[in-house]
Every structure is written in structure tokens, then in C-alpha cells.
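K.L.:
Protein chains in written order, with our numbering: chain V, 1 to 319; chain H, 320 to 789.
Be aware that a few hints might be false.
What the hints assert, rightly or not - Sample of chain H residues at the chain V side, in silico, Cβ under 7 Å:
hint : residue
1    : S425
2    : T564
3    : P616
4    : P639
No lab work stands behind these hints: they were computed from the structure. Every residue gets a Cβ at the ideal spot worked out from N, C-alpha and C, and that includes glycine.
Now for the letters of each chain:
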Amino acid sequence: MRAPPMTTALVSTSTSTSTPTAHRLSELDVLESEAIHIIREVVAEFERPVLLFSGGKDSVVVLHLAAKAFWPGKIPFSLLHVDTGHNFPEVLEFRDKTVAAHGVRLTVAKVEDYIQDGRLVERADGTRNPLQTMPLLDAIAAGRHDAVFGGARRDEDKARAKERILSLRDEFGQWDPRNQRPELWNLYNGRHTVGQHVRAFPISNWTELNVWRYIERENIELPPLYYAHDREVYRRDNMWRAVSPVSPPHADETVELRTVRYRTVGDMSCTGAVDSQAASVADVVREVGVSTITERGATRADDRISEAAMEDRKKEGYF
Amino acid sequence: MTLTIDTRNLDAAAAVSAPEGTLFRFATAGSVDDGKSTLVGRLLHDSKAILADQLEAVTRTSTERGFGGESGGIDFALLTDGLRAEREQGITIDVAYRYFATPARSFILADCPGHVQYTRNMVTGATTADAVIMLIDARKGVLEQTRRHLSVVALLRVPHVIIAVNKIDLLDYSEAAYREVEASVRLVTAELGIAEVLVIPVSALVGDNVVDRSERTPWYDGPSLLELLETLTVIDDLDERGQATEAFRLPVQLVLRPQGAVVVAPELADSYRDYRAYAGQVASGSIKVGDSVSVEPGGGTSTVTGIDFAGVALDEAFAPQSIALRLADDLDIARGAVIAAVDTLPPITRSLEADLFWLDPRPLAPGARVLLKFGTTVVQALISAVTGRLDLTTLAGEPATSLAVNDIGQASIRLSRDLPIERYTQNRRSGAFLVIHPQDGATLAAGIVTAPGEPTRAGDGSGAGSDVSP
Ligand SMILES: Nc1nc2c(ncn2[C@@H]2O[C@H](COP(=O)(O)OP(=O)(O)O)[C@@H](O)[C@H]2O)c(=O)[nH]1
Ligand SMILES: [Mg+2]
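For reference, chain V alone in the conformation it holds in the complex (with noise of 0.2 Å):
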């Protein structure tokens, strides 16, 4: 990821005083002071912070994000990704250039290992996200972190649009919906007791929309797959889904090749593509703004089985 404003000089953006600029912030600017705030807060109030890092969009906004609040230091936290083994490799790439640009360091958990020794079983479907839960609550304890931040916001599903921006988890790394601690202000109450870990979301408040008018204002480097390009896909659940080792198509289905880009970047085997011609961020931008389906129901299988299904997920510990 490019990081402009991180590696340049002090520059001043003087402006005559004859003509006060009004004190009034954009809609991005009050959400980027928000999440930095949110985020200055948690490394205040907790030992070991960690940031949950796919190289997904909203991970990527973090941790930029991340940088500008202790800009010209360092970021003073470790990266996590719990690797389910079925991730697009290009994401895999993006992500470790990624962490190389910052100087950050990143703990990779692996769903395969756990399917490997036993731990975890494969699942029927072939869908490992609901997997990842297990190896993540091992990595949060394993690097004794008591904060966990991570991308998710609420505009992507039902249940997350019930979270606060600081939750609490137990031990198990449960979220209990109906007992929720209140949020008050923008006074963020950290205090936990031992075991309990808290999650962070700092762009809790943004849309996609949000975060695909930052990625083109900040100028932020995302991995490819977010743009079209040309794939050898098939239709599955009504979404186009890539030729793979880990995603193969079943006999009645026909491969084609299409112009595609994704929406959200997770488990090879239940991400889908969508149609686009989108090929550079002011055409992600506009296709966004108009578009009639949301992004979780444009490209999660995992989100259909069940009407529930994130807050099940979540209830057990998942981000």
C-alpha cells in the first residue's frame, strides 16, 4: 500500500486568514478522526493490541488509518491473519507487501494445520470460514492479546449493525448481543478482568460507499481482484465463482471466461465475483453508489445459509 502523506515532508496547507475556513468537516474527514480516535484510545487503555490483517479492503483502510494516528512513529502493534488456506493467492501476496511497506510484524494462524492434526474437520460444503474461529481465539491467547481490532462494519450485516465499536468477548471469545455494555458519547470503556478480550472496530460507522470514497481519496493501494479483470468463472448460488484447486466446478456447470471484480475478498470457496467493468477506483466509486445489492449478499454464500448466520458465527467467537 502507498502511503502518501506518511513518507513526505511537513507540508503546510496555509490559507489566508482574511477568509476563515468554516470549522465544519466532510463526512469522510468526521469519520477518519472517529476511527482515529477509536484507535489512539484502545493503544492507550490496552497492553497488546493486535490488528486482525487479510489484505481485504476494510483491513487495508485500518491499518492505514492505523499509520496516520501515530504518524511519525510507527504503528505499535502487531498484525494477525487467521489463513484459511483457501485464499486467492494474489490477496496472499498483496497482503505480505503490504506488511513489508508498514514495518509491521504479522502472525499467520492456519486453518490447515488444525484440518491437518485433527483439531478442525472439513466441513461437507468445503467452507472453511466458519473455521477460523478456533485458531483465532488460539492466536489471541497465544500472543496474550486483551484488544483486537478489526474492519467490520455495520453496514454489512444485520448482527454487526447490533455491535459496538468496543466489544466485549468472555474467554471463548463469545459475544453476547443481549447484554452489551453501553456505549456512551465517545467515551470508549476499555476495562475488562482476566481472559475477557475486547474487540475494536473502528470504521464501524462507515459504508462500503465510505470506504471506496477514502481508498480513492487516500489514494491507497488495494490487491487487483477489487478491479475487473478477465477470469475463467462459473455460476453457483447465483454468483460467479472462480476456477480453483480449492473451488473446482462440478460436471454440470460450464466454465466461462468473464469480466469480473470482487466486493469482498475472503475463502476462495464461498467468494463470489460480480460482473463489472469497474477497472479503476472512480469506477468502483460509481458503481457502488448505484449499485442494488449489498455486498455481503452479492458475493457470501456463508451469509445465505441461515438468516442468522453472521450472529451465530459471531456468538462463538468469530470477528
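Given chain V, work out where chain H with the ligands should sit, using these hints.
P.N.:
For chain H with the ligands alone, coordinates are given in the frame of chain V:
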């Protein structure tokens, strides 16, 4: 939810909110079943903010449950009642945040629960709101929960209060019935000292006066709810020239002191070796390079030599920007300090009077030892006395010696150390605090300062925060 909106005059690029659009936050309130979630669903639906797959899912579930009638068979509450328990019980348990935009502005909407048992969640939704829409079932009129929520809204000084007199369809759009409810709610808001109240007759289910003005209420000539939300001012204490009027306050979150571990270009690294700045979000007011500031604790003064926003040096910063401030003098400043415009700090004190919204099932008794969080400061405190409680039937204060869950009461509080304490009426950010359980960390109450105690030391300011009300 992604925003798409107003397809009535859709031009692809213009359909999304204007780049410099304002963000407006509002919350629903009112008693259970008065129609909050339905109203929110209707608002989202009629402003075209519900995307196809969401609408399909909600329609499917509504049909499965045999929901029929006026709304075309859609139970709009399902759009925000996203938890399994909420759907099973048909109630709202916790706040749902939804996002939508019109060509005029972007909205963050908090749909709050009505049950008294979930008042803590309603308070959560209301503390960040620019406006609250208070729903009243026209058939039932003002209920105890209506009064409780209006009391919360009044004490929090939510900038705009809109009363939606709902289910007007069930009263055949009768003006007389509406006027009766309007009159009784205006009595309550006057009693509570809410200055400006906007009342609208609506049917959340059918959609009257929600997005479009209804022909079935010819006797009402005001705006629709959405028109109102699009035009209310975002109260951020700016004067007519757009300048912040409140005194500058920066609660220090942390000190940025990278000591060589910098991310700037190598040839610049040397100039950042001694970099030291105080990071925080401006709570109120504005500040310029060259301005004089005071710092508490300590009472030191200095001059601003730089304002940094991630590598961009600003000449000026204002609320709610997250900045890093550099000062000319090497003062002892750590997390919890407040940097303020010189001559504006209130007197330093060790006690205060406060209104408390008690949110925990364990009651508050005098003598309780708690923690208070003001800005970025956490301080030990003792509840020296509970001095009163609001009677929600009469809205009068009554004597009390303890507070139970969902009570709104008054207490005298002693602090373990000196702090500059500001009235909430003077500064909404500085005058608000959390009451925290010292052992398990639970948030016990939302607190607002009604009066700072006897000064132990004069502040540097003349008026702000003193015992003279504005
Ligand atoms: N007839 C009629 N029914 C309504 C109206 N608004 C809400 N309702 C019904 O009132 C009940 C409670 O609504 P809900 O939105 O869940 O209330 P909440 O508890 O305030 O969120 C539901 O059965 C709604 O369908 C309205 O304007 N007219
Ligand atoms: Mg409701």
C-alpha cells in the same frame, strides 16, 4: 446497507451523497410497540435505501410469518431487528445502526429499543444523536416510557427533538385525535424544558408524512419527516461565519514520541529525532499555531508550535479532528491531561453535583466507590450522597437515598484528585462522564455535570465553568 437513493432523478454519479455532504445522526425513542422499528424500515424503504437482496429477505420472512395488510405484506421492523431473539419475540433489544443518504446529506440512524429493561441501550443511541424522533402511538398517548425517554433527551440536551404521532391510520386520520396527543406531549416537553419541539402526524406502516407529505392529513401543513431530517442544522456550535464558538479543549490520549523509530523518509529522520506531540481528538473549539494554551493537571502554559495530522502540518484545527499538537515548552503532559485555550479553564475542584442515568441492575447506594471517566481521564470517586430522583409520573424531583436501574437521579460526588470540572450545559463533551465499576469494569451510569464543587484552586478562566450559569 449501501447507499443508493432517490432514484427519482437518478444520475449515476449524483445519486451518491455529495462529497462534502454533512453527516447527520439521529435516533428513535418511545415506548415499546409505538412503531419505532416500523418507522425506520418505512423511512429506509421509501427513500430507496433498501437494496434488493435485503428487501427480498425481509419480504420472504414476513410472508412466512403471515404478515399482511397495509404495508404490502412487509414487516418493516425486520429490517432493523436483526438479532434472532428480536425476530422471535418481535421486539427490539439493542440499538441497530443503519446508514442511508439522500442527495441532501448522509444519515446514521440508531433504532433504539423501547422496553424499560433496555433503557441503557436507548441512552447509548441517544448520546451521539443530533436529533431524536420520539414515537407516540396516537391511540395510547404519552406513556411512562415516553416520559422517561423524553427526560433522557432533555437532560442530554439532544439538539433536535421530533415527536412522531404514529398510527394515525388507526384513528382515521382524525385531526382532533392528533391535536389531543400533540397538546399533551407539548405539556410534557415544556415541563422538561425542551425548547424546540417539532410534532408530525405519521403512519409508519402506511407511510403517511414519512418521506412524502400525505394527502390524508390535509390539516397538517408541515414538512414530512425526511424533509425535516434533511434540513435540520447539525448543531456544532458554529457562528454565522462558520467559526467554532466554544473554548478549545484537547483531552490528551497519548504522547507521540517515536524516538527515532519513524516512518518519514530517511533523509528527514534526523529532524524527527526529538519529535514530541500530544495526540487527541479536539473536543470543542479551535486552535491555531501560535495560540497560547493552558494544561491541566499542573496549570502550566505554553504556545502551540505545530498541529500535525498524519504528516500534514495544519495552521488550524477544530472539533472533532484527531490531531497531534506540538508545544513550545517541555511540560509534564501525559494521557488524561487537558490542553485548553488559555484563560478558559474552569476552576479546579474535587467534587461535583451530577445527574446520573443509572444503567446497572445493581442499585447505587451512598458511599459507593466508583471510577469516573471524563474525556481521557479516569479518576477514583466516592458517591457521597444521592440527593434526588426523578418521578416519571409527575416529572418532579423526589427525595431519594439510592438509585435503581433505569432511574434518573442526582448525586454528590467526591473525587480522589483535583480536576477542571465543567458543566454539561457549558460543554457537552467535557461535562459528560461514565461511572464505572472498579472491579468488573461495567459501565454503571451515564453522568452529566450539573455543578462543579467548591474550587480548590482557581481555573485560569474567568467565566467558563464557574458557578454562574450562562
Ligand atoms: N396500523 C399501524 N400499525 C403500526 C404502525 N406503526 C407500527 N405499527 C405496528 O405496531 C407494532 C409495533 O411496531 P414496532 O415497529 O415493532 O414498534 P417498536 O417497538 O416501537 O419498534 C407492529 O405490529 C407494527 O406493525 C402504524 O403507523 N399503523
Ligand atoms: Mg423496535
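K.L.:
Go through the hint on H:P639 and say holds or violated, using the shortest Cβ distance to chain V against 7 Å.
P.N.:
Holds, about 5 Å.
K.L.:
How about H:S425: closest beta carbon in chain V under 7 Å, or not?
P.N.:
holds (5 Å)
K.L.:
Against chain V, is H:P616 within 7 Å by beta-carbon distance?
P.N.:
violated (17 Å)
K.L.:
Given a cut of 7 Å on the nearest C-beta pair, is the interface hint for H:T564 held or broken against chain V?
P.N.:
violated (9 Å)
The structure is inconsistent with the numbered hints 2 and 3, although it conforms to all the rest.
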